[in-house]
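Chains as they are written, first to last, in this note's numbering: chain Z, 1 to 301; chain B, 1001 to 1254.
It is possible that some hints are incorrect.
Stated by the list, open to error - Stretches of chain B that chain Z covers, calculated by requiring three or more beta carbons in the stretch to come under 8 Å of a beta carbon on chain Z:
1) 1074–1084
2) 1099–1111
As the list claims (entries may be wrong) - Partner residues are not named here, just some residues of chain B that face chain Z (Cβ under 7 Å, in silico):
3) S1057
4) T1094
5) Y1114
What the hints assert, rightly or not - Derived Cβ-Cβ restraints for the label pairs, each shown as a range:
6) B:K1172 x Z:I99: 15 to 25 Å
7) B:D1071 x Z:L260: 33 to 43 Å
8) Z:A103 x B:T1232: 55 to 65 Å
9) Z:A106 x B:M1001: 42 to 52 Å
10) Z:G60 x B:A1091: 39 to 49 Å
11) Z:L61 x B:R1132: 45 to 55 Å
12) B:R1132 x Z:Q288: 34 to 44 Å
13) Z:P240 x B:S1219: 48 to 58 Å
14) Z:Q288 x B:A1015: 17 to 27 Å
15) Z:S89 x B:T1074: 16 to 26 Å
16) B:R1113 x Z:L280: 14 to 24 Å
17) Z:R283 x B:S1002: 32 to 42 Å
18) B:V1016 x Z:D174: 23 to 33 Å
In short, the hints are calculated from the structure, not lab data. For every residue, glycine included, the Cβ atom is placed at its ideal position computed from N, Cα and C.
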Amino acid sequence: MRGPGVIQVIALGLISAGIYALFALGVVLVYRGTKVLTFAGGEIGTAALYVTAFLVTDHGLSWGVGALIAVAVAAAAGALFEFALVRRSVDADPVVTSILTVALAATILAIELNHFGGSPKQLKPPVHGGVNVDGLIVSPVQIAAIVVAALLGFGLQAFLRRTDFGLAILAAADDPTATRLVGVRVSRVRMTLWAGSFALAAIAALLVEPTVGVISPGYASRLYLGGLAAAVIGGLDSLPGAVWGATVLGLVQAFVIRYLRVDVGGLDFDVTLVLLLVALLGRSLLPQLRRRLSPPREAVA
Amino acid sequence: MSMLELHDVTAGFGAVTVLHGVTMTVEPGEIAGVFGLNGAGKSVTLKTVAGLVPARSGQIVFDGVDVTRLDAETRVEMGLGHVPQGRQVFANLTVEENLRLGAYTLRRKQRSRYAAALDGVYDRFPVLRERRAQRAGTMSGGQQASLSVARALINEPRLVLVDEPSAGLSPKLQGDLRDILRVVKDSGVTMVLVEQNVAFGLSLVDSAHLLQTGTVVHSAPVGELDEETLATHLGIGRVLAGATGSALTARKAR
């Protein structure tokens, strides 16, 4: 039996890539501004889905309104997390703050398990139907994920370089004190970054959920790992890099799953880990390799 | 009215008190020098005026306004400028981006004034105009020093705090920087200069405040200073007093 064609595989890869990219942008945004690697995005995304399900499924709000409120709640949670915890450890090593995000994720997961552990929640997709791509039905939400990810990736990059607030974000990452001394409220900059990062996680989760339709605790965490990997592949401090990293990851996953012809559960997960390892090794080995391969200047002359 | 008044200011970190009641006055248009040995509290004095270290007691009055309880960013909005120690420019941003950030509060208040302010700074520091698209971190030490001064001036401050400007600069660059700061002074900006290098500081300042273990032990116009006072209060002995002495003579002759 013939499997899906190349175009379909590419489409599948790009659909994953869109989601990874949204998570990755949240990772890079905080890392770029504070040098902190955040691990909470997955659970923030899942929590946002529970909020949406609560509003839409249980209380009959429209999907759009529910999603908007959920994103706002996630942003508020990010601002609160910065204000209540990150700010108190501002002089600490970024690793300490990273561990705080792990603690936050664990706390949210525990709450989810406690309240919804037994019964998965339903959340109906906002729109039905889809576009036929070489036999694969691609839903409008999946297309939206790709478009939103690309727009945000390059839009945020322009925002950083072109606006004063964006420049303040870049400057605060390098030298917070000097940045305060030009009159920038660095604490406000950081709060905005955390709010933005958590909002991005919520958007990513909302755009992937309609594909599955059922929410369970820890739902978005595996996808978030893809986002983390994409961020690392993209160099960690580049927003466009995060989008490219996500594209590479999504496509490689799709092709490996299609052509390896091994029926192993969680193959996408393995691919993520391998790519992550390759990216990390590459980061440390490439400069050495380049030095070895490039002949000394005298020899060229 | 004085540009800056410190009344019996105490400050420190945790259980350690560094400033034990600093009192000093800076007049409009002058360069006031704060001198002292390592650990005398020069840097903390400046940080307390900046708002980076909170005053535990006492009062800081900036141009007639009590700023003791205001945060650093508000003080910048009110017209306080900074040339931080080590001439910290934002290394990964371009020259023009550095200047744009320097004008952060000016642009928020009155964006229309920015273009003229940028031109003014470029006229004063032509090398920055040439290199406006260059990443600041790739410029020479002297150019970075110009940029850090320009970044403070573009916001049109009334008082600029200059922290250890000579530190880590070669004698030639120290000379260049001295010329830059003199130009700034001539444009009517008041400055407070903290310096470890007393000879360098004395070549610039109009008045000197000698700091010892967290209190000002002597304040005088530079014309009324003598080697003996410096040697007594700074305890720097004959060798260093020799160098400062010649600087003092040169300064008085100017």
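Next on the checklist: Looking only at beta-carbon atoms, does the pair B:K1172, Z:I99 fall within the given range of 15 to 25 Å?
Outcome noted: violated (48 Å)
Item to check | Supplied distance hint 45 to 55 Å, evaluated on CB atoms of Z:L61 and B:R1132 | outcome: About 51 Å separates the Cβ atoms of Z:L61 and B:R1132, which means 45 to 55 Å holds.
Checklist entry - Could one say that the CB atoms of Z:A106 and B:M1001 fall in the range 42 to 52 Å? => result Check failed, 58 Å falls outside 42 to 52 Å.
Checklist entry - Is it true that Z:G60 and B:A1091 lie within 39 to 49 Å of each other by Cβ? => result violated (54 Å)
Checklist entry - At a Cβ distance under 8 Å, does chain Z reach at least three residues of the stretch 1074–1084 of chain B? => result It holds, with 4 qualifying residues against the three required.
Item to check | Whether the CB-CB distance between B:D1071 and Z:L260 falls inside 33 to 43 Å | outcome: violated (58 Å)
Item to check | Range hint compliance [Cβ, Z:A103 to B:T1232, 55 to 65 Å] | outcome: Holds: the Cβ-Cβ distance is about 57 Å, inside 55 to 65 Å.
Checklist entry - Can the stretch 1099–1111 of chain B be counted as covered by chain Z under the rule of three residues or more with Cβ-Cβ separation shorter than 8 Å? => result holds (count 7)
Next on the checklist: The hint says 23 to 33 Å between B:V1016 and Z:D174; measuring C-beta to C-beta, is that right?
Outcome noted: With Cβ atoms ~29 Å apart, the hint holds.
Checklist entry - Should the hint that Z:R283 and B:S1002 are 32 to 42 Å apart at their CB atoms be regarded as holding? => result Check failed, 55 Å falls outside 32 to 42 Å.
Next on the checklist: So, as I understand it, the hint says B:S1057 touches chain Z; can you test that by seeing if any CB pair is closer than 7 Å?
Outcome noted: Constraint on B:S1057 not satisfied, violated at 23 Å.
Next on the checklist: 16 to 26 Å was suggested as the range; check whether the CB atoms of Z:S89 and B:T1074 agree with it.
Outcome noted: holds (25 Å)
Taken one by one, the earlier hints fail for this structure at numbers 3, 4, 5, 6, 7, 9, 10, 14, 16 and 17, listed in ascending order.
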